[in-house]
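K.L.:
Below, each chain spelled out in residue letters.
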Amino acid sequence: MLPLDSTELSTLKKLLDSRQPNHGLPRQFYQDELLYRIEMDAIWRQGWLFAGHSCQIPNAGDYFLYDVEGDSVIIVRGDDGNVNAIYNVCRHRGSLICLKAEGSVKRFVCPYHQWTYDRSGHLLLQNGMQEGLDKTQLGLHHAHAREVEGLIYINLAREPLDFDTFMAAVSPVAKPQGMARARVAKIMDFDVQANWKLVWENNRECYHCNVNHPQYIKANFDHYNADDTIPRIAERLKAVTTRLEAKLAAQGMSMRQETGMTEFPDPDHSIWYAANRTPLVEGYVSETMDGKPVAPLMGDYSDPDVGTLRIRSLPNFWIHASCDHCVSVRLTPNGLTHTSIRMTWLVAAKAEQGRDYDLGQLLPFWLLTAEQDWELCLRQQHGVNSHAYTPGPLSSYKEYNLDRFLRWYVNEIKGYVKNEYS
Amino acid sequence: MLPLDSTELSTLKKLLDSRQPNHGLPRQFYQDELLYRIEMDAIWRQGWLFAGHSCQIPNAGDYFLYDVEGDSVIIVRGDDGNVNAIYNVCRHRGSLICLKAEGSVKRFVCPYHQWTYDRSGHLLLQNGMQEGLDKTQLGLHHAHAREVEGLIYINLAREPLDFDTFMAAVSPVAKPQGMARARVAKIMDFDVQANWKLVWENNRECYHCNVNHPQYIKANFDHYNADDTIPRIAERLKAVTTRLEAKLAAQGMSMRQETGMTEFPDPDHSIWYAANRTPLVEGYVSETMDGKPVAPLMGDYSDPDVGTLRIRSLPNFWIHASCDHCVSVRLTPNGLTHTSIRMTWLVAAKAEQGRDYDLGQLLPFWLLTAEQDWELCLRQQHGVNSHAYTPGPLSSYKEYNLDRFLRWYVNEIKGYVKNEYS
Amino acid sequence: MLPLDSTELSTLKKLLDSRQPNHGLPRQFYQDELLYRIEMDAIWRQGWLFAGHSCQIPNAGDYFLYDVEGDSVIIVRGDDGNVNAIYNVCRHRGSLICLKAEGSVKRFVCPYHQWTYDRSGHLLLQNGMQEGLDKTQLGLHHAHAREVEGLIYINLAREPLDFDTFMAAVSPVAKPQGMARARVAKIMDFDVQANWKLVWENNRECYHCNVNHPQYIKANFDHYNADDTIPRIAERLKAVTTRLEAKLAAQGMSMRQETGMTEFPDPDHSIWYAANRTPLVEGYVSETMDGKPVAPLMGDYSDPDVGTLRIRSLPNFWIHASCDHCVSVRLTPNGLTHTSIRMTWLVAAKAEQGRDYDLGQLLPFWLLTAEQDWELCLRQQHGVNSHAYTPGPLSSYKEYNLDRFLRWYVNEIKGYVKNEYS
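Those protein sequences? They're chains A, B and C, same order as listed.
Sequential numbering of the first sequence, starting at 1, is according to my numbering.
Sequential numbering of the second sequence, starting at 423, is according to my numbering.
Sequential numbering of the third sequence, starting at 845, is according to my numbering.
Since the hints were made in silico from the structure, they are not lab data.
A couple of the hints might just be wrong.
Straight-line C-alpha distance at most 35 angstroms; calculated DSBU-like pairs for lysine-lysine [unchecked claim]:
#1 A/K100 to A/K175
#2 C/K979 to B/K435
#3 A/K13 to B/K840
Model the full structure from these sequences, guided by the hints.
P.N.:
Listed below in structure tokens is the structure:
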């Protein structure tokens, strides 16, 4: 917890009160270094962070690193099959232990002085040290780690938020996708020169889709909202929905019927996650360039016509899943004006590149859409930096989720400040 | 306006009082981040800033961007022929609107959500927004903009300094040059790793010219000052001056007769601009490598023998104009130790590259001289950073204008601090 | 001296008290910008800094630059044969005077306005300045400079620490090496992304040697310590020591007999230097890949079998000297997380590359060892940055010198803070 003097605290509180309802955030929210530190404590070190996919570490000892908020965390599968999140910092002199971004280990051996830990982080050997040190007090530090339907989450707080309600909400919707028995087809990393909130703001509305996402809008109904759903569109939506609902029900799945984007998050109840299934446009069974599948069916699906599954969790994750592949997005703030973004494409475990899928067909839909978004974010970052920037009104038709996100964000920070500094 | 607590304010005032008369500035003037912010507010957001040349945007809708002090400003010619300075920040979510450094537009359409503004910045369309928003309150924000004899100035203050007296002083001297009907032959941008004040300090004396500017001193008398004007030089100057004065008078122009550099600025009267004509060395009619013209005559000139015209305005502009071309310099601070510098070469509008002028002949004189200066500035920046730097005495013969600049600078900051913080 | 308000001072004092005995330093010691500034004042601007080797500037006017703590210092041999440390900052406007990293000068002429100084820094000429300036007050500023047995030290304090006791301790041990009549075979510069203290922490223990320094441990006994000196090793050491001691005594030299690394520094008496001779492993007469000499004997040596000579001085120097060559290391902090490191290989003055030595044989032993260490340091820097880092216990067998270094460091800072801020 950051020490704040009374002037700083009062300035911070004024800033948090300065957002006008149904408007964007004032400039200082994207410029203030102190607020950024508070965000890290209040949101990023409190919330559950998506780290990666279970299928990246199928066997005991398999690990990958996740660098977040100055910490290197080893995400490793333990001997009991559970995932552990272990800080990559030797208890002796603080050296990094794992140097490679991913791999498989029998034990963790610090390369500096060979202190040796088991795969759960217990200290086994410390040759060269005096007698009398208590090894049980010198195990590697842990973060919290959980898995849900093939998604690995970590939490850096001492006492983490409840994970079980999230799991209960997501699990039934996500299960048929079979992400726990998928394989990684591609990982791509991006450094987007924009504050992490701007990336979410972009994600929380499809007002920008019509012009900026020519691929995406061919497959989705998101960009149709209350303001522009003429009868013809409404009829299309109804037909598509009715048809798909019946098919899904037969397979024990359900879906959402509203037009526009699902309402998310829920700032009034501090709900930071959502999962739902929604129809694709007629003729599309996968979010691909032509709507056709590009890989074998995943999970429990026996029919490609399952619409699209979406899961989101604040502060750092969303995924779009089609019948044959899914694409996750992981955000990691990297200072006030940089966000590291990892995109991961999954296909069924049994699928083989070349034989069952081709990256040239798998990647373009979401890669193009993502790169279009990253460009929008950095333009906005440049503009909100300006002295001339003043937050404008949000569209009640098309930016309701953006407003929800901003309310959630301000609530979270206010709650934290109230708890910790009063 | 920056919030300053009482300790900061008192430290700032002490610093402002610490300059010894006729000496350079103490080290802290080049190192203090807080002072830099105050400079931005007191000088750069108050003064008139040269943005570019009228001939860059001859027609309605033509624009170029000027990035200054964190703000992107669109300099655009309006339908009434006047120049507008419009902040490049959408009133919706703050995105940049114009992405290209220059171009021509019918309307401004924000690429994020297509809010659409006319060329004066009035909001025309905001499809997707709810009813009831007042479009007249959502036009693009403006800075002030003025033109004088082909030079475009902007001002970021709410209530700008008087421009008319500047115009009255510069216009008669500048008019014959015909910069309003010129064309851009070349633009070059430099990132000079030196505080913006050091660039001015370098510009305000020709003490360094003899050794560092072998090209420049062949064409100019500036480096002769009271201390080294031996009778032979004095006679040369007198002869040159008398001759040129007569010729110019016949054409309705006048010139300055003193030796050395024109006194500028005038800190006692807060005068931030000057314009004058001065003779070149015998045999030189243009500031070129051999003194011969390299392009057709500009403006109203019918004879190449018009000496050289110089205009300066604080905090960011000077220009050297010969009969056939002129070269402007625009400074933009980019943090404590960086200055972005744009040089622009103009020739007569009718001149065509290849036929009427050749860049290989047009550029070298000022390009070499400028690069020599940028190098001097960065060496000085390196030195004044040292703990061992102590400001030395200025030459009363050769650095009188540097002393004037430093007095002007300190006065401006003091005046601002007095007005705003007491 | 940095101004500190009472909160900052009290935070600093708490931090200095927070180190647990026989443990590493808490995270803040590697992260706090304010502490870094205090370190610069308390240690780097107080202590004697190794600058380079006497043989780099054999003749009057020979100089090299040393950039340390924002200051460029000219290390120049004066007409009287003594070394001067002169700040590379003109007394006129503060420009750098010497631009090349090394060279030979008759006079120092500032390239900006040609103020001219003699080789001791006295102002000789200032053409273009008014009468009445007192040249004797405008000489270049000096730091302190001393030489001992071919090593040049400078001191940036107004009143430097005593140098004579250092000289008295080092001189008799170092003299036979003949560094004053050596030549530079190679200089290599490294930017190590680690705090300067981490580089010393690495240097002050050989616990990491066994695995990380396969070359080094073949030649040295350092990695054998109280904990692992089995009778066989003890006998080897005794035999080697007895033999070498006799040989050295015959030549008027002495050596150290303990196992492990010489105890250094001595925090209880604020001793910042040490020099000693120690045996190499059987069969090794030089710290080279195969233990054989790679260059002619240096200094007074008539027999290659002289063990190895080591000198260290805090905060920035150590050297390893064999019969035929020596390798010095000079540290220069470059912000919280960067250390500039210069390694210099010396051989006898008479040795000629190609004929008497070959860089392919001379460099690898220490170059490999050094690069192994720099890599260890940057991994540790990455780890101690983590929120999860907690200082661990130090090995009483193998990290006693690291503990001594940390105690010395904390004592120095505490002493400075007590003197200057109370």
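K.L.:
Hint check: A/K100 vs A/K175, CA-CA at most 35 angstroms. Holds or violated?
P.N.:
Judged against 35 angstroms, a Cα distance of about 32 angstroms means the pair holds.
K.L.:
Hinted pair, alpha-carbon criterion (35 angstroms max): C/K979, B/K435. Please report holds or violated.
P.N.:
Between C/K979 and B/K435 the Cα gap is close to 31 angstroms, so the pair holds against 35 angstroms.
K.L.:
Straight-line Cα separation of A/K13 and B/K840 no greater than 35 angstroms?
P.N.:
holds, 30 angstroms
The structure fails none of the hints (numbered hints given earlier).
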